[in-house]
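*Asks:* If you're matching them up, the sequences are chains P and L in order.
Each step along the first sequence adds one to the number in our numbering, with nothing skipped, and position 70 is 70.
Numbers given in our numbering equal positions in the second sequence, counted from 1, plus 193.
These are calculated hints, taken from the structure and not from any lab test.
It is possible that some hints are incorrect.
What the hints assert, rightly or not - Calculated Cβ distances over 12 Å to all of chain P for the following chain L residues:
#, residue
1, E224
2, F250
3, L282
4, P314
5, Q350
6, T379
7, R383
8, Q384
To be verified - To give a feel for the contact side, a few chain L residues facing chain P, derived at Cβ under 7 Å:
#, residue
9, L279
10, P281
11, A315
12, L316
13, E318
14, A348
15, V351
16, A354
17, R358
18, T360
19, A382
Since the structure is predicted, the reported quantities are computational estimates derived from the model, not experimental observations.
Every residue, glycine too, gets a C-beta built ideally from N, C-alpha and C.
Number of protein chains: 2
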Amino acid sequence: MTVATYDRVVPRSGEQARFRLRAAALELYGERGYETTTTAQIAELAGVSERTFFRHFPDKREVLFDGETELITIMTSAIEAAPADLTPLLLVMTAYAAAVPLLVANRTVAEQRAQVIATTPALQERAHAKGAALLEAVTTAVVERGVPQPTARLAAQVGAAVFDRATHAWNDQPGRDLHDLLTAATAEARQLA
Amino acid sequence: MTVATYDRVVPRSGEQARFRLRAAALELYGERGYETTTTAQIAELAGVSERTFFRHFPDKREVLFDGETELITIMTSAIEAAPADLTPLLLVMTAYAAAVPLLVANRTVAEQRAQVIATTPALQERAHAKGAALLEAVTTAVVERGVPQPTARLAAQVGAAVFDRATHAWNDQPGRDLHDLLTAATAEARQLA
């Protein structure tokens, strides 16, 4: 969604500034590159002051990693609330299933983000750190359900591979339901092993 | 192995300069840190000229990633030569099994390397790139055995998770056989799914 479209659907309230800033940043990173875009330009396109930018984000990099905490909370809460009889891998897949609504809502933004990160080496370490933090959080949540740590970590890693398989399929076939693709990828992993 | 020990067991021939340089680099990185160590100091400790250093390595970072090509060659050759009836995951595990002798031979060096990388943020992106290159090479080798690309990639990722599980167990129980630990971790992944 461009900022121009955004303007027509979202009121310019204080609460929406964060969303406007994120849309503006992604638009500029895509158009002129991450490295050359400044926080002043992002704020200008979003129609807010640079001070407002810094009230929401510590720097232009973190705009790209917004929502990380929310994703972790949704996934670990799902593991906490899952039925007691699930295998470790199904515990992890329950967490990804719980994240589907957020992933669907953020789909366009996620694609733009992925493109910026793929073409900007300076961002890749941060993206890896995000993946590692998610893996760690999922592992810990599975351990808290009584699974030994090494098995929990293996389940979290296999789950991440299954999720990766499902989202690649989702990119190739945008019309498919992500829940169905996750189920299919889980079955494929079972077949593999 | 320290350079002093190394001196007693390995002749100072041109062919051994590479190994001497690697041992010297790891010793210095461990003692005074990666950032402050210079190629001149590494060459001096190894008893060779700085020019010899640059004949073997483009910079002090690449000393840590020596052996990457050899590992990829061993693993992809094993997939090429594997029996026709293996499942995709077992194809990948055959590749890791083929790498066991190299991993055993490099065990001490690998532990020193891991410590330097863990404490040096500047090296982590390079380490991730190494992991990604291995994943890509294994995926391609599995595709060449007739497995569709998405399934091959899933198998390569699950295989990497299984390998990670086995090497963590190896670190905790150094007396165990890595082949046995790989077999146990493969069985555990099957159980999970």
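*Asks:* With reference to the structure, classify each hint as holding or not holding.
*Replies:* Hints and how they fare:
1. Every beta carbon of chain P lies more than 12 Å from that of E224(L), the smallest distance being close to 26 Å; the non-interface claim holds.
2. For F250(L), the condition that its CB be more than 12 Å from all CB atoms of chain P holds, with the nearest at approximately 21 Å.
3. With a cut of 12 Å on Cβ distances, L282(L) falls inside the contact zone with chain P, its closest approach being about 5 Å.
4. With a least beta-carbon separation of about 7 Å from chain P, P314(L) fails to lie farther than 12 Å from that chain, contradicting its non-interface assignment.
5. Interface exclusion of Q350(L) from chain P breaks down, the closest Cβ pair being 4 Å apart, not more than 12 Å.
6. At roughly 8 Å from the closest C-beta of chain P, the C-beta of T379(L) falls inside 12 Å, breaking its exclusion from the interface.
7. Taking the minimum C-beta to C-beta distance to chain P, about 4 Å, the non-interface status of R383(L) is violated against the 12 Å cut.
8. The beta carbon of Q384(L) sits about 8 Å from the closest Cβ of chain P, which is not more than 12 Å, so the claim that it is off the interface is violated.
9. For L279(L), the suggested interface contact is broken, since its CB lies about 11 Å from the closest CB of chain P, more than 7 Å.
10. Interface hint at P281(L): satisfied, since its Cβ lies 5 Å from the closest Cβ of chain P, which is below the 7 Å cut-off.
11. The beta carbon of A315(L) comes no nearer than 9 Å to any beta carbon in chain P, farther than 7 Å, and the hint placing it at the interface is violated.
12. For L316(L), the suggested interface contact is broken, since its CB lies about 10 Å from the closest CB of chain P, more than 7 Å.
13. For E318(L), the suggested interface contact is upheld, since its CB lies about 5 Å from the closest CB of chain P, less than 7 Å.
14. Below 7 Å, beta-carbon pairs count as interface contacts, and A348(L) has one with chain P at about 5 Å; its hint therefore holds.
15. Because the closest C-beta pair between V351(L) and chain P is about 5 Å apart, less than 7 Å, the hint holds.
16. With 7 Å as the threshold, the beta carbon of A354(L) comes within range of chain P, its nearest partner Cβ sitting at about 4 Å, so the hint holds.
17. Residue-level restraint check for R358(L) holds (minimum Cβ-Cβ distance to chain P is 5 Å; threshold 7 Å).
18. Given the 7 Å rule on beta carbons, the hint for T360(L) is violated: about 11 Å separates it from the nearest Cβ of chain P.
19. For A382(L), the interface hint holds, the least distance from its beta-carbon to any beta-carbon of chain P being 5 Å, beneath 7 Å.
Of the numbered hints stated above, those contradicted by the structure are hints 3, 4, 5, 6, 7, 8, 9, 11, 12 and 18, listed in ascending order.
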